[in-house]
Amino acid sequence: MNNDELDLSHLSMLDLFGMEVETQAALLNENLLRLENHSQSGKELEALMRGAHSIKGAARIVQLNEAVHIAHVMEDYFVAAREGQITIAEDHIDILLSGVDLLLSMGKVKEPELKSWMQEHQQEIDLIARQIQAIASPGTPEDYPQATSEPEILGDRSPIPPPTRQPNLNPVEPPPPPLLVPIPEPEPLQPKAQSPSSSRSSGDRVVRLSADNLNRLMGLAGESLIEANWLQPFADSLLKLKKHQTQLSKTLEQLESSLSEHQTTITTQNHLETAQLQEKECLEILNNRINDLELFARRFANLSDRLYREVIDSHMRPFAEGVAGFPRMMRDLSKQLGKLVKFEILGKATKVDRDILDKLEAPLTQILRNAIAHGIESPSERIEKGKPAEGTVRLEAVHRGGMLLITISDDGRGINLAEVRQQVIKNQLVNPEFAHQLTEAELMEFLFLPSFSTVTEVTEISGRGVGLDIAKGMMQEVGGLLRAQSELGIGTRFHLQLPLTLSVIRTLLVDISSEPYGFPLTRIDRIVQIQRRDIFVVENRQYFTLNGQNISLVSAHQVLELEKSELNDELLSVIVLSDRLNYYGLVVDRFLGERDLVIRPLDPRLGKVRDISAAALMEDGSPVLIIDVEDLVRSLDLLLSSGRLSQITQDAQVKESKRYQKILVVDDSITVREMERKLLQNKGYNVDVAVNGIDAWNAARTGEYDLIITDVDMPRMNGIELVNHLKSNAKLKFTPVIIVSYKDREEDRLLGLEAGANYYLTKSSFHDDTFLNAVMDMIGSPDEI
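Going by the working numbering, 633 is the number at position 633 of the sequence shown; the sequence numbering is gapless.
Please note: incorrect hints may appear among the correct ones.
[Said to hold, decoys possible] Each computed SDA-like pair below joins lysine to any residue, with the alpha-carbon atoms no more than 20 Å apart:
no. : residue 1 : residue 2
1   : Lys342    : Leu35
2   : Lys678    : Val691
3   : Lys662    : Lys731
4   : Lys727    : Phe591
5   : Lys564    : Ser513
6   : Lys342    : Glu36
7   : Lys243    : Asp688
8   : Lys733    : Asp511
9   : Lys43     : Ala26
10  : Lys731    : Asp596
11  : Lys426    : Thr439
12  : Lys472    : Phe448
13  : Lys472    : Asp355
[To be verified] What follows is a list of derived Cβ distance ranges for each label pair:
no. : residue 1 : residue 2 : range
14  : Gly84     : Ser12     : 37 to 43 Å
15  : Glu487    : Ala324    : 28 to 34 Å
16  : Asp596    : Pro388    : 42 to 48 Å
17  : Glu747    : Lys240    : 36 to 42 Å
Note that these hints are calculated values from the structure, not bench results.
C-beta atoms are modelled at their ideal positions from N, C-alpha and C, and glycine is treated no differently.
With the hints as extra help, turn the sequences into a complete structure.
Here's what the structure looks like:
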């Protein structure tokens, strides 16, 4: 923990005042908007009274009388509203929000400039103070507040003198006046409302921690998780040692049997008995240590996983924290443009990486401003179209598929694609003939180009063609995607797809030239497998067709300048990537599955490594490189334009060796076990058997199986427990499993599938081809190997 972050003694009193104003201003803005949108509420008014009172107290400490005065008259207004002396009106909210803005501006002024700033803004301060005083006490002269005889409600409410023109910048001299003595607050208003940061429950208490320390802590938690995963393979190696030890026991028994048939000396017999005794002791110790190690490995893995998740969670903050200022911004902008807008925020509790949350402010601000400026029509125009006079803009954040999805939608006029097409032609971005062939999705991509705009009138708010390109750039910076959809007359939706955190990234792991590489899922358009016969060549370029579109094919090993891969399969694994307009098919050796990887920056001494953004560690501690998709797409485009492509062979090469697929059959019934074994062996599969779940679990960890077939009801470890063990093991979780059981109830089938089995069959499937068809569906027939 960074001591500088915790120690506030290096900050001046004016700096602390600025921090207090910033916190309380957020509370004031939030509750004022609630008052404007709902009927008068005592809860909001009490929160507003305390917010103004807190600012007043902080301003007194630094002897900033202008701020004391503004906060005091605001507090007068809230007290009068709570007691029913005045009725809250919309124009009142405008004046009060201006007062909040003024207080915020005061809080941001640094001490050397404070005197000149106060002199420059004195007329504005006086005007706002008089306006608030006027609405707080209708019918009274617009002057500074006089002493009031009403009882104290929120501590000290003594008369406030007119603000001095030259505030004392040294709060130490003269000594604090008697007004600084705290006065206890009365019981009716308990419990005391606090600022957003201090009002958290005791379970969400806040400490200050530097970002660097938090990142280092996350790195250590990731290393702990990786080290924990090392224990299980070590335990598996001991199982292999136990297997050899068992074979040694059998050898000693055979030796003893052989010697008993011949005449041996007493010495030889003694040596043999000693060896057998030592062998039994070693086997017993080995068994005990394996059991202890497995128990420790499970505990340590569980503990490391919990630590890792807690550290990740500490890096996340509610979405609401990053969008707290948007309701005020939308309210002010809609009033400025004379539009009626209902702004909704959904998913406020959705957890977002704090670094992403900081970066989201600029793109969300731009898109939301566009929604009001371009999207939402004027009230009269909406009524003419049969819409409600009030438009709706909605901001929503959800977690889906291991990613953060943010949607900004409006029910406005939508985007006229015909106008976009004409603007594309006018700006000579493409030739007219090609422009008329562009799809809706392709046209929408032009909105994110720099200086592109369909608005003819340039205003303070929009029309310069800047903003959306910056939003797009920010999304690419954090490995996200930005897409737009629109329906003319109905509205527009912007979809932002981002990683949940910048510290951990969800990737598609692939094999290229016998090395693993990670592709961020947010940057992949599609993953497909294509037949070699579907590849066609045009002008020495290879293509395949997807959804009616021709996509260029390039081998990943050529782009990354790796050794040539031996692609022997008839099916090719292809990752579809794109920039704004072009799609590319990257051929990899095979897909290894999805992984959550802890990002580790490359050593800065390496500089920018082409096509690579970062590194990570696999479960077994081996390194994996994370692909920089933006850079890779540029490399793909350069390679295609250079004409230096190597062809992807269309004739599958003959494999050098044939490997028989291996299946493990698990059943405690010798009859069923042998029947399954014979059925599979007759089809050409290599089959091992296990008599119960424990036996199968040990066999699976020490052998390599393409498929595991298991019963449910077995001693020591049943089939469901076995499947759970297999799916929680990093090495075995992708091994397909078929459950074959006498239980044919739907709830039994669902229980097996939920555990992770790929098929759930009943033993009646032996009487037809169902069983063998399921096996071939999972791993293919032996003659395909």
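Consistency of the hints with the structure:
1. Lys342 x Leu35: Cα-Cα ~14 Å, so holds.
2. Lys678 x Val691: 16 Å, holds
3. Lys662 x Lys731: 16 Å, holds
4. Lys727 x Phe591: 18 Å, holds
5. Lys564 x Ser513: 7 Å, holds
6. Lys342 x Glu36: 12 Å, holds
7. Lys243 x Asp688: Status holds; Cα separation ~15 Å.
8. Lys733 x Asp511: 18 Å, holds
9. Lys43 x Ala26: 16 Å, holds
10. Lys731 x Asp596: 15 Å, holds
11. Lys426 x Thr439: The hint holds at about 18 Å.
12. Lys472 x Phe448: 6 Å, holds
13. Lys472 x Asp355: 17 Å, holds
14. Gly84 x Ser12: 37 to 43 Å: Taking Cβ atoms as reference, Gly84 and Ser12 lie about 42 Å apart, which means the hint holds.
15. Glu487 x Ala324: 28 to 34 Å: 31 Å, holds
16. Asp596 x Pro388: 42 to 48 Å: Because 44 Å falls inside the window, the suggested range holds.
17. Glu747 x Lys240: 36 to 42 Å: 39 Å, holds
Comparing the model with each numbered hint stated earlier shows that all of them hold.
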